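Student: Sequence:
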Amino acid sequence: MLGCFLLGLFSSGLFLELPSDIPIPILSQVSGVQDLSQILIALRLGFCGSLTSYSSWNTEMIVMVFSTATERASGKFVKALMGYIIGIEISLSSLTAGKNLASYIARRTNPAVAKESDFIHLQPADSSILINKELPGFERRYLAGIYEKRERKSGNPQTISFLEKWKQSTDQVRNSSSEKCEYLSILREVEKIVIVNGQVPLKTHREFISTHGLKWDISSLENWKTQKDSEIRHQNNIGKNTSSELSNWDILESYFIVVPLFSLSMYLLSSGIW
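Position 132 (the sequence shown) corresponds to 185 in our numbering; numbering is contiguous.
Quick caveat, the hints were computed from the structure, so don't treat them as lab data.
It should be emphasised that the depicted structure is a prediction, and the values quoted were computed from it without experimental measurement.
Lysine to aspartate or glutamate pairs mimicking EDC-like chemistry, simulated, CA-CA at most 16 Å apart:
#1 K256 with E275
#2 K245 with E187
#3 K186 with D171
#4 K186 with E242
#5 K129 with E113
Label-pair restraints from in silico Cβ distances:
#6 S146 with Q225: 46 to 54 Å
#7 G251 with A150: 40 to 48 Å
#8 A150 with T112: 19 to 27 Å
Ideal Cβ placement from N, Cα and C applies to all residues, glycine included.
Please model the complete structure; the sequences and the hints are all you need to start from.
Tutor: This is how it looks when you write it as structure tokens:
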């Protein structure tokens, strides 16, 4: 039960059906633990896997199934079968409980992602509002008009103004149900090429935009990408001086998660409770 509950609690954003595949949504999206992929794998597969595989319940079921005693052997087998059925149901319930708790915590640790998730689920099935899931989190939310105000305040106003110009020039296509699907497809491709790949739009894209009289401000989108990359490089240069401190804090934060869980499981095993 505990192992399945922890598996649900430490689920990824994809398993919780969040717009962003955050490695561990119960922590802030900017937490350093999000980058410690090896620790997360060890926690989910190693720790939780061994926790569920070597529980006393599983051992008792195996002993009952393969019991060599001839007397009441069939009765033991039936009990073991019922035990497995009930145990699997309890395990699934524990997994669901952990997943629900993770979703509850994630909504408070990552409010911007929660707002985006609500917006997507509240949209009708025939909604044509474009949410380009291939884009990074901030750009995806900003262009869809569902960003948190503090997200915008935390950025450089001059840099964000370029993204705003691009948004305004494409809003008619992005939010109108009367626009052709071909327009939306080209819009997705252009945004992915510039924002994700860091390249300039293809000549065919520019010709399509010009031919159909679309007043998309591609230069502002390119300026956004250039300015944002410059800011990231600047922040990385500043962060080099404090990288060791950040690394130590990340490790300490991960210990706060792993060590108490390990201690609890050892106590339950040694005391015979579990």
